[in-house]
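Please build the complex by placing chain B on the supplied structure of chain A, with the hints as guidance.
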Amino acid sequence: MTDTAVTLPHPDATADQPVRFTLNGDPVAVAARPGLRLSEALRERLDARDVKIGCNAGDCGACSVLLDGEVVCACLVATHQAEGRRVETLTGLSRTPPMQRLAEAFLAHGAAQCGICTPGMMVCAHALLARRAAPSEAEVMDALGGVLCRCTGYRKIIDAVLDVGAAATGPGTGGIGGIGDSVVRIDGRPKVDGTERFGDDVAPADSLVLRVVRSPHARARFTLGDLDGFVRERPGLVMALTAKDVPGTNIFGVIPPFADQPVFAESEVRHRGEAVAAIVGEAEAMARLDLDAIPIAWEPLPALQSVADARVDGAPMLHPGRAGNVMCRGLVQRGDADDALTKADIVVEGRFRSGFVEHAYIEPEAGYAVRVGDRVEVHACTQAPVMDQEGVAAILGVSLGRVRVVPTAVGGGFGSKLDLSVQPFLAIAAMRCDRPVRMTYSRTESMQSTTKRHPSDIRAKVGATKDGLICGFVFDGDFDTGAYASWGPTVANRVPVHASGPYRIADYRARSAGIHTNNPPSGAFRGFGVPQSAIAQEVLFEDLAERLGLDPLEFRHKNALANGVPTVCGQVFEQGVGIRACFDALRPHFAIAREAAAAFNREAAASGDTRRRGAGLAAGWYGCGNTSMANPSTIKAGVTPDGRIVLHQGAMDIGQGANTVIAQIFAAALGVPLAAVSIVGPDTDVTPDAGKTSASRQTFISGNAARLAGAALRGALLRQANAGDDATIETGPEGLAVVDGAVRRPLDLSTLEAGGEGYALLVAESYDPPTAPLDENGQGAPYAVYGYAAHLCELEVDVELGTVRLLRFTAAHDVGRAINPLLVEGQVEGGIAQGAGMALMEAYLPGRTENLHDYLIPTIGDMPPVTTLIVEEADAHGPYGAKGLGEHVLIPTAPAILNAIRHATGARITQVPATPDRVRAAILEARP
Amino acid sequence: MTYVTPLTLEDALDALQRLGPASILAGGTDVFPALGERAPDRPIVDITRTEGLRGIASGPDGWRIGATTTWTDLLAAPLPAAFDGVKAAAREVGSVQIQNTGTVAGNLCNASPAADGVPAFMALGASVEIASDHGRRVLALDEFITGPRRTALRPGEIVTAVLVPPQGEALGGFLKLGARRYLVISIAMVSAVVRAEGGRVAAARVAVGACSPVAVRLPALEAALLGTPVAAMADRVEPAHLRPLAPIDDLRGSAEYRSDAARTLLKRLLLSLSKPQELQ
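Going line by line, the protein sequences match chains A and B. All residue numbers for the first sequence refer to this note's numbering, where the first residue is 1 and numbers rise by one. All residue numbers for the second sequence refer to this note's numbering, where the first residue is 1001 and numbers rise by one.
So that you can see chain A by itself, here it is in the shape it has in the complex:
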């Protein structure tokens, strides 16, 4: 052997022969077991937490670092390969002016939402800019093509990289943070300098590590072997946990009447990836642990793989009391749909199908828990801290007060991080250990075990009269809710309410059913089933427009809801219905797009080009907040004796911007600049319950609570000064002052008795939207506010290959009032990217696409420019008129794409994803 060869005969020898390299300019030495990934060495041995791990397979690029100046995925580099080399991460590069300029551009453009992909994106962009000071858009795409982002839709990232150096003119610099100001997100800085701390970034160094043992079978009986013996025989392992170790109830669920999911399965597993046990141990021992060696005897059983399987007579029942595997049903009916269809001049119908869609946030579920006295603290990524607290308390069998949930930054959620994931395992283990316990899901574990978008199988029929008015609408949708209920009941409830789309339909019947199978649990995913139902409705509306010979936009406009027109639930809004305004905003763009497509296609036909272009439309609506259920938010705020304003903001910001929007609303109501407000939270010990980040409710509901809190605090301050309502509050380093007319009075709050939390003045306000229950026919007032949207998609189809290239989206969104237009655009672009993924490429197949290699989400090269048309039909219930937005965005996207493919080629596609083979088959079928 050559002298300098590195030979490490056993792991312990690594300590004798550390790997030496420079990290961000500093020499470092790190003990590394053979094959230790550089990403793990950087994070766990050298505390370079700015390097993120999303997949451990080179598929997501979150761990991108520079190795001797070249971009690599640190997860694909052995630590020993770094010996003698130069490693640079965002943290180190942030000391250089080019990276500082890039950071400013990222902030100004809103290019970081959740921030989990941001370090990887910025490192790649930095490498590009070092080579090319003024790259083209195509060069930016090539350079960043290896980093996946699930939040932004990439366009703002492209804009930021292209705009480096001109950041001062970027859009996100305007105003003092009042209503309508595109201020830079207030929590943005840590996302662009590598200091943001996500679920896997916060565990104390001495934490034990927990790993979950999961079922390789979709359905099986199992017998656990001697796990305690297994642990005893292996140095470094501490304990095994199984169902018998769950101190409280081994059942959880986000909707208590439907709670059905065990922390650990007891004797039979109901889906692939279900937990049966957990092992806790020292980090090194856990890294070496082969989970397959754990003694478990499996007896595979026939599994229900689809709704069709589950509905067969005599099919095994997943849960007692749910006959026919029906978890629950939903119904909305109004008028007489069948009769209307017989009177219609034209009736169209179809069957529409979609599969599982994975949330594919780049941050896998992660966190740690620790016992503190008789309490347990859970630090993890989540969309719903108080629901986590309630769930964990029940599982531990302790009172709510003995559980503290401290959310970390969340690297994307989109609905799936509403459910418990790592929290129960960590809490149970922490209660039994004297040390903190941490865990991070592997990508495959995350994909196997967490919730998905419900697969749908929808049959629908819609009629119209010759004058172009809808006449009868019947809808019947089955939704595969998987092994456990999760948010399935919400999907079953929401779909019939929304399946009409934002249209006036007098005679309507929509049924839904959530059906259990041995698939992974389906739950909440941006839109709760409505993106699926919108495909059926909007494709059928396209059929009707075509059959009637009407312009697709005018046909929709003619049938659109308006103020004073009852919805399918019989709810009449006297104000705030903005769908026609959305169509009006799109009208000129649609005309131009259709003309451009026609011109392109004429030329293509003449020249033998196999490409065809199309322009398609679709609309959507979405009720903000829970369906006919209380869902209050509480916002607390205080002023310290020295005049500092503190907002206790418990609405989880998962990248969408709640921290900024809620603070903007609060500051506006209080009458101070946004910069004068400090934020605390979320933390169940210090922030009141602002509900879950779900149902597009935070801007509307928590925003209203913030508005009320701001107003209450303003009242309290003005009373201190005996000032009138129109007085102004001045903030500054010397404290607060009130200016009333010509009189400026500094406020001395130090004379007030500070409360327990140290505030001289403290307010807490709640808001719960007014709704009314739905009756047996689904009639009532499910939501106080809906938001409305219409999308125009322009695309190009290669008719010989069936491939689709998106060219442009024009998205009209009625947001009531855009509190922060830059964040509105961010939501729109990101939602469209997810809708495009659902429409064109995303297919989660248990056992087959459980990674980000085989499960495809859009890359930076797949997203076209988006023009967001902000429509502001103010709503009387919304804070400053604002409505929710997050989920509305992707509802029209997929059907707009399908309608554009049809316009381009004549192919009527009824199943998503519209992969090239399906598009090609539909084109061949459509040919005469």
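Since the hints were derived computationally from the structure, they do not count as laboratory data. C-beta atoms are modelled at their ideal positions from N, C-alpha and C, and glycine is treated no differently. All clues given are correct.
Derived CB-CB ranges, DEER-like:
(1) G84(A) <-> L1075(B): 21 to 29 Å
(2) E1010(B) <-> R131(A): 33 to 41 Å
(3) A315(A) <-> A1255(B): 25 to 33 Å
(4) R353(A) <-> L1075(B): 35 to 43 Å
(5) H1134(B) <-> A130(A): 44 to 52 Å
Just chain B now, kept in the frame of chain A:
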């Protein structure tokens, strides 16, 4: 568990002899994803510092692409137009990150049915140089890859280079079909290297990937192209030429679609190679 970083080929071969079954690690872009969350269960022989394995050399016998040459190295190398296909394939390998560490030879050794490099190198008539304690041997690429994820590499052997024979004035091309822009596994891909004399095809190699367990050449099409006027190459593609393909139905596309797409891609590739200004 052992991690060895041999600095010479001799040491590398010696380590393989001593250690028994080992993982040969170069770019890591296949080794680490295959490990998943498991710890390595066999010794690792890291050949990235092994002398003489990285770089591209040319001579009268053609080109020798060392085993640890990365896709980025290949893209930066001055190579004649026959390599345009392999360079196009290089740009389609994963992402910049993958191209920066992933090696050309590793892509062939991994023997994925969807490996971007395989049809491109088949179209160049490439072979693989293998070293062991017993000496060196050279295998044609289609003999080296024996099945999906299977190669003719024996215990104790290391691939030391990819060898490409002289190409004359040939022109190469490559087309890949996937369901998204970057980081995508092929649904189908085609590559061709064509040499013309006096406006007619004098030599042609055509290969198709992701449509059979191992990428294959299409001998009948190659034969049909010989003597064809360059401008008419695309018209020569007949369904019968695609008989060596054995596409499967999978999540990325049906067998029928794959055949259909392969034929379309072949016609397009040959059409693009027939532009008179490029090949006369």
